[in-house]
Every structure is written in C-alpha cells, then in structure tokens.
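2 protein chains.
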Amino acid sequence: MLSNHFQNGVETVRHAWSRIPNSEESQFVDDAVGLVRKSDGSSVESLDYEVIENFAYREEQARRGKLYVSYLLVVKWLFALLIGIGTGLAAVFINLSVENFAGWKFSLTFSIIQKSYIAGFLLYALINLVLVFSSVYIVTQFAPAAAGSGIPEIKGYLNGVDIHGILLLRTLIGKIFGSIGSVGGGLALGKEGPLVHTGACIASLLGQGGSTKYHINSRWFQVFRSDRDRRDLVTCGCAAGVAAAFRAPVGGVLFALEEVTSWWRSQLMWRVFFTSAIVAVVVRTAMGWCKNGNCGHFGSGGFIIWDISDGQEDYSFAELLPMAIIGVIGGLLGALFNQLTLYISSWRRNHLHKKGSRVKIIEACLVSLLTSIISFCLPLLRECSPCPESDPTSGIECPRPPGMYGNYVNFFCSSDKEYNDLATIFFNTQDDAIRNLFSAKTIHEYSSQSLLTFLVMFYSLAVLTFGTAVPAGQFVPGIMIGSTYGRLVGMFVVKYYKKLNIEEGTYALLGAASFLGGSMRMTVSLCVIMVEITNNLKLLPLIMLVLLISKAVGDAFNEGLYEEQARLRGIPLLESRPKYEMRNMTAKEACGSGRVISLPRVVKVSDVVSILRSNKHNGFPVIDHTRSGESLVIGLVLRSHLLVILQSKVDFQHSPLLSDPRGGDRSIRHDSHEFAKPVSSKGICIDDIHLSPDDLEMYIDLAPFLNPSPYIVPEDMSLTKVYNLFRQLGLRHLFVVPRPSRVLGLITRKDLMIEDTENVNTLELQNRHHNKRPTTRNSDVERPLLNGLLVGSE
Amino acid sequence: MLSNHFQNGVETVRHAWSRIPNSEESQFVDDAVGLVRKSDGSSVESLDYEVIENFAYREEQARRGKLYVSYLLVVKWLFALLIGIGTGLAAVFINLSVENFAGWKFSLTFSIIQKSYIAGFLLYALINLVLVFSSVYIVTQFAPAAAGSGIPEIKGYLNGVDIHGILLLRTLIGKIFGSIGSVGGGLALGKEGPLVHTGACIASLLGQGGSTKYHINSRWFQVFRSDRDRRDLVTCGCAAGVAAAFRAPVGGVLFALEEVTSWWRSQLMWRVFFTSAIVAVVVRTAMGWCKNGNCGHFGSGGFIIWDISDGQEDYSFAELLPMAIIGVIGGLLGALFNQLTLYISSWRRNHLHKKGSRVKIIEACLVSLLTSIISFCLPLLRECSPCPESDPTSGIECPRPPGMYGNYVNFFCSSDKEYNDLATIFFNTQDDAIRNLFSAKTIHEYSSQSLLTFLVMFYSLAVLTFGTAVPAGQFVPGIMIGSTYGRLVGMFVVKYYKKLNIEEGTYALLGAASFLGGSMRMTVSLCVIMVEITNNLKLLPLIMLVLLISKAVGDAFNEGLYEEQARLRGIPLLESRPKYEMRNMTAKEACGSGRVISLPRVVKVSDVVSILRSNKHNGFPVIDHTRSGESLVIGLVLRSHLLVILQSKVDFQHSPLLSDPRGGDRSIRHDSHEFAKPVSSKGICIDDIHLSPDDLEMYIDLAPFLNPSPYIVPEDMSLTKVYNLFRQLGLRHLFVVPRPSRVLGLITRKDLMIEDTENVNTLELQNRHHNKRPTTRNSDVERPLLNGLLVGSE
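Chains V and D, in that order, are what the protein sequence lines are.
If you count by UniProt numbering, then the first sequence holds residues 1 to 794, one letter each, in order.
If you count by UniProt numbering, then the second sequence holds residues 1 to 794, one letter each, in order.
Heads up, the list lumps identical chains together, so a pair's fine if it works in one copy or across two of them.
Below 25 Å or equal to it, Euclidean Cα-Cα: the simulated DSS-like pairs (lysine-lysine) are:
1. Lys649 / Lys616
2. Lys538 / Lys291
3. Lys649 / Lys604
4. Lys750 / Lys616
5. Lys579 / Lys66
6. Lys750 / Lys579
It should be emphasised that the hints constitute simulated quantities derived from the structure, not laboratory data.
Work out the full structure, taking the sequences as your base and the hints as a guide.
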C-alpha cells in the first residue's frame with residue numbers, strides 16, 4: 001500500500017509537471033497566482049489574512065491557555081497606546097521643524113527685502129531649493145518608497161496587497177525628514193498624507209518589534225507576526241496619522257474606516273478610537289508646552305486648526321444656490337485634478353523617472369525654483385491696496401507687524417498703510433494662507449483678480465508638483481485651491497445678496513470641502529475632519545450638502561484620487577462591490593483551465609525545487625489518496641512555507657513513507673514564528689537555498705505544514721458570489737472544486753449560537769453551565785483536526 | 001435512464017424520510033434549521049441575505065440592461081431622500097406633540113397650585129395617567145411589537161433575524177402615538193430609541209411600497225423585495241432615526257455603523273450619510289417654522305440640543321482625576337442598570353406579562369402614578385433656597401417667570417425670591433431638566449442633597465419603568481442619571497480645586513457620557529452624538545477619556561444593554577468575532593449528524609407536502625444523479641419557495657421525467673416577485689395550501705427554483721473559519737460537504753481583477769477595450785448557468 005502511495009505521489013507530480021508551462025511561456029503565466037507584476041519592475045504580493053491552521057498553529061493554540069488571551073489583549077491595547085504616542089510625537093516633530101524652517105525663512109526674507117528685493121528673492125529661492133533638495137535626496141537615495149503621499153499604498157496594504165518597502169524603518173525616516181524638507185521648502189503639497197503613512201509605518205514597526213534589518217527589535221514585542229494582526233495595527237496607525245495631522249480624532253477613526261480599510265470589525269473601532277484619543281492628548285500637551293515659547297516659531301502657526309467658530313451663524317435658503325455652485329465647481333475641478341495628475345504621473349513613471357534618480361532630483365529642484373519664482377514675483381506685479389478702516393476690537397492689524405503671521409501682508413508696497421492681497425496668500429506658509437482665506441470679519445480683503453490669479457497658478461503648481469519624488473500630501477493644496485474659489489463665490493454672494501451676516505470665510509471653507517470631495521471622494525470622514533479643523537459644528541449640514549454635490553459631480557468623470565493613483569502604481573485594489581458582469585461568469589471561467597499545480601502529500605525534495613523554480617505560484621493544492629485509491633484534496637501549502645521547510649531541512653526523510661503522526665518531536669521542529677513572513681520584504685527566495693544532491697533525493701511529508709481547510713467554491717458558482725467570499729474574508733487563495741456528491745450537514749445560525757438563548761427562567765443557572773462548556777470542549781485541544789487527517793489517510 | 005432517475009428520486013426521498021424524526025421527537029428538532037423558538041411563543045426567523053440565483057432570478061437579470069442599473073440607483077437615492085423626509089417629519093410630529101402635551105400639563109398644574117397643591121397634584125397625576133394609559137392601550141391592543149425601544153429588535157433584523165411584526169405599519173403607528181403618550185406622560189423614559197425604530201419602520205414600509213395588509217401599496221415602488229435590499233433601507237432608517245432624535249447627522253451614521261448594523265459597505269455609508277443630512281435639513285426647517293410661534297409650546301423646548309458652547313474652555317491635568325472617577329461611576333452604575341433591568345424584564349416576561357394585556361395596562365398605570373407621586377411630592381419636602389445674586393447680563397432669571405422653561409423653579413416656596421432646586425430638575429420635562437443640569441454659569445444652584453435624592457429616585461424609577469409595555473428609549477433617562485452624578489462630582493471639584501474656570505455643567509455632560517457608555521457600551525458614535533448635541537467640540541478628548549473608562553469598567557461586569565435585552569428576547573445575535581472554543585471544533589461537529597433532509601430533483605407533490613408538514617426546516621439540499629449514477633448536489637431549495645410552487649400549482653407535471661429546459665413558457669411562469677417574502681410576517685404556511693388528491697400524485701422538477709450554488713465548506717474546517725464565512729456573508733444555510741477529490745482551479749486576486757492594471761502606456765486604449773468587454777460577456781446572459789445544469793444532468 002505504501003508503494004502504491006509513492007506511485008500515486010510521483011504520478012501526481014508528473015501530472016502537475018505536464019501542466020507547468022515551459023520557460024518561454026512562463027513569463028506570461030508567472031503572475032497567475034497572487035503575484036502581480038508592476039510596470040516598474042517592483043512586485044506586489046498578496047497578504048495572507050486567512051489563518052493557516054497547520055500543525056504548528058494548532059500546537060501553539062493548544063499550548064495557549066485563557067491567560068494568553070488576556071495577555072494578548074493587554075499587548076494589543078499597549079500597542080494602541082504606543083502607536084498613538086509615537087505618531088503624536090512624530091507629528092509634533094514634523095510640525096515643529098516645518099514651522100521653524102518656514103518661519104525662519106520668511107522672517108529672513110522679509111528683513112532682507114527692506115533693502116533689496118533681488119537679494120531677498122535669491123535668498124528665498126535658495127533656502128527653498130536647499131530644503132527641497134534635502135528632501136528629494138533622502139527619498140531617492142535612501143527611501144524610494146517614501147515618495148508621494150503613501151495613502152494609495154497603505155490602502156493597498158489594508159486591501160490585501162503588500163508593496164515591498166512601504167512599511168520599513170527607512171521609509172519611516174525618509175517620510176519624516178523628506179516631508180520636513182518638501183513642506184518647509186514651500187512646494188505646493190502638504191504634510192497630512194505623509195503623516196498617515198508615518199503612522200502606519202510606526203504601527204507596523206512596533207508590530208514586528210522594531211526593524212529586523214537594523215537589529216533594533218525586541219522578542220517580547222513579537223506577538224503579532226501574522227498579516228491579520230498587522231492589518232489591525234496598520235489601521236490604528238492610519239487613524240493616528242489623520243488624528244495627528246488634523247487634530248481630528250473622530251475624523252481619524254472615520255478616515256481609517258471609510259477611506260483606507262477594506263475590512264472592519266467593531267472591536268477594532270474601539271481600539272482605533274483609543275489610539276486617536278491618545279494622539280489628541282499628546283498633540284495637545286505638546287502645544288501647551290510650545291505656548292510657553294519652547295519651540296521657536298511654532299507657537300503661533302503649526303498644527304492645522306483653523307478656528308472659524310466666529311464665522312457665519314446662520315444661513316438662508318437663498319444661499320443654498322451659490323453653495324450648490326461651489327459643490328459643482330469642486331466636483332469639476334477635483335475630477336480635472338485627478339485626471340491631470342494621472343496623466344502627468346503616468347508620463348513621469350514611464351519616461352522621466354525611468355532615467356534614474358538624478359533626473360528625479362533635478363526635476364524636484366526645478367519645480368522648487370518655479371514655485372519660488374511664482375510665489376515671489378507674482379505678488380510683485382500686483383498693486384497694493386490701502387488698508388481698510390481698522391477696528392481695534394477685532395484684533396486684526398493692517399498691515400501686520402513684521403515677523404508675525406496674519407492677514408494684510410505689506411509686500412512691495414509704496415506706503416506703510418497698504419497691503420498686498422496676493423502676497424497675503426502666496427508669500428506665506430500654506431497653513432497661514434488658509435487661515436487668512438478662512439478668516440471672518442475681513443470682507444473685501446482680497447480682490448477677485450488676485451484670487452483668480454492665485455487659483456490658476458496654484459492649481460497648476462499643485463498638478464505639476466504631484467508625482468515628484470518627495471513625500472507629498474494633497475489635503476492642504478486641496479484646501480488652498482478650494483478655499484480660493486470658495487472665497488471668490490463668497491465675494492459675489494456678499495456683493496449681490498447684500499446681506500450682512502454672510503462671511504466670505506465660510507464660503508472659503510465650503511470651497512475647501514468641495515474640492516477635497518471632488519478629488520478624494522471621501523464623505524463622512526471628510527465632513528467630520530472639516531468640522532473638527534474649523535471647530536464649527538453649525539456648518540455641518542452645509543458641508544454635507546457641498547460634499548454630496550461635489551462627489552456626485554466628480555464621480556461622473558473618474559474615480560477618486562487614491563483609486564486612480566493606486567491603479568497607476570499597479571496596486572490591484574479589490575473594490576467592495578463585485579463588477580456587474582461577474583453575475584454572468586462562473587468560478588471556473590474566472591480561474592481559467594489547466595493551471596493548477598498540485599503536490600502529492602509526500603513529495604521528493606528535487607520535485608519541490610523544480611516546481612518552485614519553474615513558476616511563481618504562491619499556493620499549491622496537496623492531493624492525497626485514500627485506501628481505496630480515490631484522490632482527496634487535503635489542503636493548501638504556501639510557497640513561503642515550502643521555502644522555510646527546504647531551508648531548515650529538518651523535515652527531510654529518507655523514505656517516501658508517511659511519517660508517524662504521533663512522532664514525538666515532529667511538533668517541536670518548527671514553531672509558528674518560523675513561518676511568519678517578514679513585513680514588506682520578499683522573504684526567502686528559492687535561489688537562496690542550497691541543497692546537496694543527497695538532500696534532493698530525500699522526501700518531505702507536507703501534511704503537518706499545509707492549511708488543511710482552505711475555503712472552497714463549487715465550479716459553477718457565479719463569480720459575484722465568489723467575489724463576495726474572497727473580498728469579505730480577505731482571502732488569498734480559493735479552491736474551485738467540482739460539485740459535491742453529498743451534503744453531510746447544514747449549518748444555520750442556530751448551530752453557531754454556542755450560548756443557548758432559549759430558556760430565560762434558568763438564565764443564571766445556564767450561565768454557570770455555559771461557563772463550563774468550554775472546559776469540556778477543551779479536551780478537543782488534545783486532538784487537533786490534522787491528527788484525524790494524518791491517521792485517517794494512512 | 002429516465003426510470004432510473006425516477007427510482008433514484010424516490011429512493012432519496014425514502015432515505016430522507018427515514019431520517020425525519022417522528023412526531024414525538026419533532027418538537028425538539030423543529031428548531032434545527034433557521035428557526036429559533038422564543039420563550040413567549042412568537043418565532044424568530046433568519047433572513048435570506050444570500051442572492052438566490054435561481055432560474056427566475058437569472059431570467060430577470062438577463063432581461064435587465066445597463067439602464068435598469070441606473071434606474072435602480074436613482075430609486076435607491078430617492079428612497080434615501082424619502083426615508084430622510086419621512087423620519088424627519090415623524091420626529092417633528094412626536095416632538096411637537098410631546099412638548100405641547102407636557103407644556104400644557106405643567107402650565108395648568110402651575111396655575112392650579114397657586115390655589116391648592118392637592119388639586120394641582122390630582123390634576124397632574126390624572127393627566128399623566130391618561131397619557132400613559134393611551135400609550136399602553138395602543139401598544140397592547142394594537143401594536144404589541146411597539147413596546148420597548150426597538151433597538152435590540154432592529155439590531156437583530158440587521159444581524160439577520162426577522163422578529164415577526166417589528167417592521168409593520170401598525171408597529172409604526174403604535175410607536176409614534178405610544179411614545180407621545182409615554183414621554184408626554186412624564187415616565188422615566190425617552191423618545192430616542194423609539195425614533196430609531198420609527199425610522200426603520202418607515203424605511204421598510206417604503207421598501208415594500210406601503211403596507212400589504214392595508215392595501216396602501218404601489219407597484220412602482222416594489223423594486224426592493226429581497227432581504228438584502230431591505231437591510232440597506234433599514235440601515236438608512238436607523239441612521240435617520242438617530243439623526244432626527246439628537247439632531248446629530250454624523251452621530252446617526254456612526255450609530256448605525258457601530259451599534260446596529262452587522263454588515264457594512266462603503267457605498268451604503270454614502271447613502272446613509274445623505275439620509276441623515278436630509279433629516280437634519282427637515283428638522284431645521286421645522287424648527288425655523290416653529291420659531292415663528294406656529295407650534296404652541298414647541299418653540300422653546302423640543303429637540304434635544306443642549307448648547308453648552310459657553311461652557312468650560314480649558315481643563316488642567318488635575319481635573320483628569322475627577323473625570324476618571326466619573327468614568328468609573330458611570331461604568332459601575334451602567335453595568336448595574338443593565339443587570340437590574342435584565343432581572344426585572346426577565347421576571348416581567350416570565351410571570352407578569354404572561355397574564356395578558358390587562359396586567360400590562362394596570363402595571364403601566366401604576367408606574368405612572370408612582371412617577372407622578374415622586375416627582376410632585378419629593379420637591380414638596382425640600383426646603384427652598386434663596387435666589388442667588390442676579391446677574392442681569394446672564395439672562396437667567398430667579399425665580400423663572402411662570403409658564404416658562406428655565407432654571408430656578410419656584411415651587412412650594414414661602415417667599416417669591418426663592419427657588420426649589422429639586423423641583424427644577426424633577427418637576428419638569430426631562431429635556432428641560434437636562435438643560436438645567438448642563439447649564440453653565442449657575443454654580444451652587446443645586447445642593448448635593450437634592451442631587452443625591454434625585455439620583456436615587458430617578459435611577460429606581462428608570463429601572464422600574466424599563467420593560468413596561470410602552471415605547472421607551474433609554475438615552476434621555478441615561479443622560480438624566482449621568483448628568484446628576486456628574487454635576488455632583490463637579491460640585492466637589494468646584495469646592496476643593498478652588499479654580500474659577502470649572503463649570504459644573506461640563507461635569508454633568510461628562511457624567512451623562514459616562515453613564516451611556518457604561519450602559520450601552522457605544523464608543524465613537526456616542527462620543528460624536530454627545531459632541532453634536534452639546535455643540536461643543538472642545539470637550540471631545542474628555543468625553544473620549546470618560547467613555548473609555550466607563551466602557552472598560554462596564555465590560556468587566558456584563559454585556560451592553562442592547563445585547564442583554566436581545567438575548568433576553570431570544571434574538572440570536574451573531575457576534576462579529578467567533579467564540580474562542582470554536583477553534584477546536586469542526587464544521588461537522590457543529591451541524592450534528594443525520595439531520596439533513598434531501599430532496600431529489602424531480603419530486604412527488606405528496607412527498608413534498610409530507611416533508612414540509614413533518615419538520616420546520618427552511619432549506620433542503622437537492623440531489624440529482626449523473627448518467628453514471630453518481631449522486632450530485634445540485635442546489636438548495638427554500639421552504640418558502642416550495643410553498644409558493646405548491647400554492648401556484650402551475651409547475652406540476654404528470655410524469656416524473658425531467659422537464660425540457662428549453663420549454664418556452666417555463667421561464668415566464670414565475671417572476672422573482674412571487675418568491676419575495678413579505679417583510680416581518682410568516683408568509684404562507686403549509687396548512688394553508690389545499691391540494692386535491694390528483695395534485696398530490698403529480699411531480700415537480702425543482703431545478704428551476706433552487707439556488708444552484710450555495711456556499712459550501714469541507715467537513716473538517718474549523719468552526720472559526722466557518723463562523724467567519726457565515727457571519728461575514730450573512731448566510732442562512734451553509735452546506736457541509738466531504739473533502740473534494742480534485743481542485744479544478746485556484747482563484748486569486750488576479751483572477752478577480754477584471755480590469756487589467758498592468759500596462760500604463762495603453763491605459764486609455766485599454767479603457768476603451770474594457771468597456772467593450774462587458775458587451776461580449778453579455779452574450780453569456782443568453783446561457784444562464786442553470787441551463788448548463790439542466791442539460792448536463794439529462
């Protein structure tokens with residue numbers, strides 16, 4: 001019987017071999033299972049969210065008691081705390097640096113332009129150039145994954161695809177220092193997207209207990225090695241990033257929920273919420289500390305929070321029309337922004353950036369120079385306006401005192417009592433420009449000409465800057481663009497509606513919301529973020545209205561910014577809803593035919609090596625035969641696990657016989673840590689493993705290593721249902737099998753309600769009874785399922 | 001071959017028969033599949049969220065073009081709009097009525113107590129009694145499902161179990177008028193929970209195009225007949241209810257997300273958000289209309305929104321200790337509340353309410369009397385305090401003018417310049433009492449003695465009232481209790497911390513948050529609701545802190561209020577996380593053995609009738625045989641569909657032969673509407689169907705009616721994974737099958753990305769190409785999967 005088994009095994013391998021494409025074809029088929037080749041050569045790999053219930057896992061589960069569950073709970077909450085503190089501190093550090101660099105830059109420039117505008121410009125452009133150069137240098141030379149906002153990549157990670165390098169320590173460092181340079185250097189980009197990525201990196205590094213490459217890891221922290229646990233941590237990190245960027249804890253939770261994650265559990269919500277709260281406390285403490293003057297220029301600028309609580313109190317129905325117009329403009333400009341950035345980034349990726357990192361550096365420096373020229377010289381061309389009648393109670397001075405932030409910048413003006421409205425928004429940090437645009441009680445500060453000029457120039461700059469090799473967020477530029485046209489509409493409303501209680505700043509806020517809605521297509525989270533950063537709840541219905549319109553208009557043209565960018569970068573996001581045409585396809589049609597490479601249960605090492613070399617599939621079904629000769633699918637073995645087995649060699653055996661499942665030391669040869677894949681890296685490669693000719697002649701019994709129960713679907717299930725299964729459970733592999741011949745049982749809700757709910761009278765008694773139940777069940781721990789399999793097939 | 005088929009069919013039935021338990025046993029096995037018997041005799045049924053891809057469905061899908069998809073989209077958004085408007089109007093109506101009744105009651109009482117306190121009390125008690133009686137009468141006689149808050153039932157519905165009667169028109173009417181009576185009658189309960197139920201009812205009724213029983217339905221609206229579509233509508237309705245109850249649109253969305261729904265899709269979020277926005281607009285418009293005096297007493301009281309934006313601006317770290325103490329108190333009192341209400345409701349259900357509706361009426365009336373006595377007589381025992389130095393700028397008068405709402409109620413005081421602090425909170429509508437407790441700038445208004453008395457008495461009343469047969473929400477009583485002890489703590493803080501910027505009202509707010517957190521265990525949604533109703537964003541981190549503590553403390557003792565109540569009512573909620581012990585169980589163990597009753601493909605009518613009579617299973621596997629005699633599971637047929645087939649009789653055939661799948665009129669005999677189950681009712685019963693002896697001798701070919709591809713799991717999959725599949729996809733039936741013998745294919749992410757993402761160069765070209773793809777696929781519509789099945793098995 002045993003030789004029969006052996007024979008069967010070899011045959012299965014041969015059968016499998018016959019289906020393996022030859023090397024000419026292989027490049028077309030390589031990508032078939034779980035691996036998508038990206039256009040720039042880097043690869044994207046699916047994550048394993050499914051629990052691999054193999055022998056090592058079961059052993060570990062059996063060893064763990066109830067105490068371990070509590071321990072895990074404590075560690076999870078501790079991690080949430082640490083992620084919050086870490087992200088909060090990172091945000092404070094970035095803010096501090098940016099504000100100090102920018103403040104120092106502007107005050108130096110202002111002091112020099114008192115003498116010479118040309119020298120002032122040169123200095124201004126030089127500082128910007130140095131900052132941007134430092135950023136692009138760090139990114140290109142040290143952390144290429146830190147370029148861009150990182151949100152599409154994180155979104156991809158949480159959707160189930162790992163883009164190599166996005167969650168490494170070097171990426172974190174590159175992101176932090178890169179965004180200080182790029183934002184401090186005055187480019188038309190923000191620090192919010194990078195902060196989200198920073199939060200995710202911190203979470204992931206904490207989860208693996210530090211960086212493995214730089215040996216700063218602690219074993220104590222390494223409890224979350226599975227992709228599933230990491231997903232939760234990264235979700236926390238994302239929310240923390242948003243909470244830190246906008247000081248919007250609820251907004252952070254909602255952002256993580258709506259925009260980034262693909263799966264969500266309500267227990268996680270609670271933990272994410274906690275992380276956000278911690279971030280809020282950390283940031284608040286830091287701000288209190290800075291108020292005492294410990295942080296240089298930081299005290300006055302810094303964290304985005306544009307308090308417009310003294311804005312418009314009420315609105316009339318007549319105002320809804322201009323607000324709706326703002327929504328439409330937002331949708332149109334946002335969709336256009338997405339389309340333009342898509343073209344430009346696509347061109348950059350395929351032509352410019354292929355030429356190496358020197359081109360990237362030159363490009364970023366040129367963009368920086370252009371930005372300096374526009375932001376400095378355009379205000380020079382603009383005539384100054386006389387200061388309005390000053391109202392001493394409002395606390396707004398005109399012109400603002402030198403070296404301070406505020407409205408009414410005196411720039412290239414002939415008289416002291418004049419201000420340059422274009423300089424007020426252009427020649428300023430972006431946070432401050434937005435504060436000026438949102439400001440209430442400053443009606444008629446800007447001329448429509450200035451705003452229009454600014455809108456066109458800044459929009460072009462933002463499009464141009466998008467995709468350069470620096471960390472870049474789109475929130476702040478979006479708010480800038482939106483608030484400019486919003487304020488423009490507001491000016492017209494003030495002019496034509498002739499009512500006193502209309503504030504242009506309120507319209508600027510609505511404009512900002514509309515542009516973000518039109519570009520990023522977020523709804524609830526954006527709404528809450530806008531409310532939290534402006535600290536004004538009364539505008540909620542108006543923001544909702546504007547967002548509804550702008551998103552609907554934008555959706556008519558293209559997808560959201562992050563989805564477009566993810567597609568461009570070759571990140572295969574699975575949407576939550578199956579495509580309509582899937583209703584008419586079957587599972588079998590989708591997976592094609594003749595591509596499955598199966599392994600027998602006991603397989604020769606040389607066969608494994610050949611199979612692993614000849615294709616890039618990540619999962620292999622394992623087929624065994626019953627005593628009566630029928631074949632039986634006994635599970636799925638992962639490429640990464642096979643590689644671990646080949647590398648360690650301890651499981652090799654000389655005979656093709658089945659190993660004794662009761663073999664004492666079998667279980668302790670591996671623990672589940674060995675099978676854990678390192679985050680964001682490629683793991684072991686088949687070419688790294690060197691086996692002697694003797695090794696190649698040996699055999700491996702795969703049964704202890706396989707996932708005995710992958711999810712299965714019958715061949716003619718409609719692809720819609722398959723998609724739902726795959727997407728909802730976050731799977732990586734799904735077996736398509738023939739229709740079953742029998743139904744052994746039906747599972748319904750009742751069968752899954754382990755706690756009985758029927759009898760209320762004996763509720764308390766039953767409760768005690770129920771508490772006992774698990775202990776009786778625990779006897780099953782001694783008899784893992786796989787044992788049954790091992791014995792049954794002998 | 002055909003006779004062979006027949007033979008096989010009959011054998012399968014016989015085989016099935018042998019497994020059917022006899023009548024003595026049947027009462028124990030009845031509940032096995034999808035049906036859970038509740039302790040009070042009413043039954044709970046699982047919902048079918050899975051798409052039944054039967055012939056009728058496929059026909060319909062094939063008929064529908066792309067245009068239909070757009071039509072569906074428009075209708076969905078129209079429904080969201082209508083749900084918003086409907087719920088908003090219902091909320092306005094309830095509020096208007098309650099405020100008018102209560103205002104009229106209090107002003108009448110106040111005018112009479114100027115002469116006689118006894119006459120005043122009698123009138124007061126009488127009005128309360130009449131209102132409560134009307135409420136309990138409506139509920140017991142007309143709409144029994146309208147009792148209680150309805151949130152556990154709605155939660156159950158969205159988790160996948162239908163409790164008969166909860167979404168009917170009569171329940172809606174009972175809920176609206178019942179809660180007017182119970183809230184207007186001064187009981188210790190709120191109108192917010194009932195409003196959530198009201199929103200859900202409105203949504204469900206809209207979804208089925210009106211009430212079928214009362215023939216107020218329009219065919220045009222009947223596009224959403226599946227449980228899946230209804231689930232989305234009900235989710236919208238829930239969010240609308242919360243948005244209307246608290247004027248908290250974002251809170252509404254989050255409540256629906258966190259507390260009520262079990263499944264969530266981000267497209268749905270967008271629609272839910274829209275509904276909430278509509279509600280906010282409707283309510284705002286109504287309030288504007290009422291401000292002009294069109295609504296009686298409504299203008300001043302009404303919608304909960306306790307503006308404490310003039311509250312505490314800042315907080316010091318020293319204050320975090322008392323705030324943490326508030327959190328702990330909230331957790332303890334909340335958990336105690338859950339436990340006490342659980343005991344009392346359990347006792348009520350098992351003893352008191354079994355005696356019929358008269359007992360329920362008497363009980364509610366007694367509770368009303370007791371409430372009247374306590375709220376009237378306790379303040380009488382309390383000595384009045386002299387009015388504080390009046391500050392004319394604060395706008396707070398002491399005592400308040402008669403017939404107005406406000407602080408400093410003059411009740412049974414000897415002097416005109418005195419007020420009764422207990423009466424200020426007790427002898428008032430609850431909304432107003434909360435406003436008084438939250439009020440800033442009124443330090444030392446309450447004595448700790450009064451607050452303590454109120455806390456104890458109101459807590460007891462709230463526990464006692466819970467579970468009476470009237471519509472009852474727990475939000476407002478929770479806020480009352482919480483804000484009382486919160487204000488108590490605040491008083492101590494004011495006394496011992498000796499700082500000027502501490503407002504007792506802020507502590508009252510935190511107390512309210514802590515009690516709700518300790519009882520309902522909501523987190524993010526509650527936080528947002530609290531912020532939205534108090535219109536003060538600055539307190540967000542504090543509310544978060546308090547909620548974190550109170551939920552953690554509460555969780556140490558028992559489950560949340562809604563979960564406890566759902567369990568008490570026999571609603572089998574599937575939690576999002578599988579139980580720990582499921583890791584060591586297999587699918588086969590869970591479903592037991594020998595309980596599956598299969599049907600052959602062509603079955604005799606009399607056999608169907610016998611099977612349906614003899615058990616209450618809701619799903620039956622259908623087994624067919626291939627030419628070579630192997631058995632093959634071809635799908636699942638639902639009891640409800642069998643009943644429809646039996647009732648219509650058009651599918652009966654004389655011979656046990658397979659019907660011709662190409663038979664022209666087969667497809668038009670049924671459309672999918674016929675198979676749609678009416679909402680919240682039991683549908684057809686087997687005893688309602690009368691068949692002649694001739695009919696019983698005929699046969700049915702089940703192939704066109706079955707769901708050809710129910711989800712399957714292999715027998716030895718761990719129950720954790722089975723649970724995840726069942727819960728995440730919202731299934732009702734799941735087949736447990738033997739391990740497959742072959743793997744036909746592997747589905748990976750790549751196979752599900754129908755749009756290609758590989759080549760960026762040809763993005764535009766490919767886009768055009770992709771747009772064509774669906775049309776080529778559409779040719780498959782002509783060849784539904786089932787046809788393949790029908791032909792293949794011939």
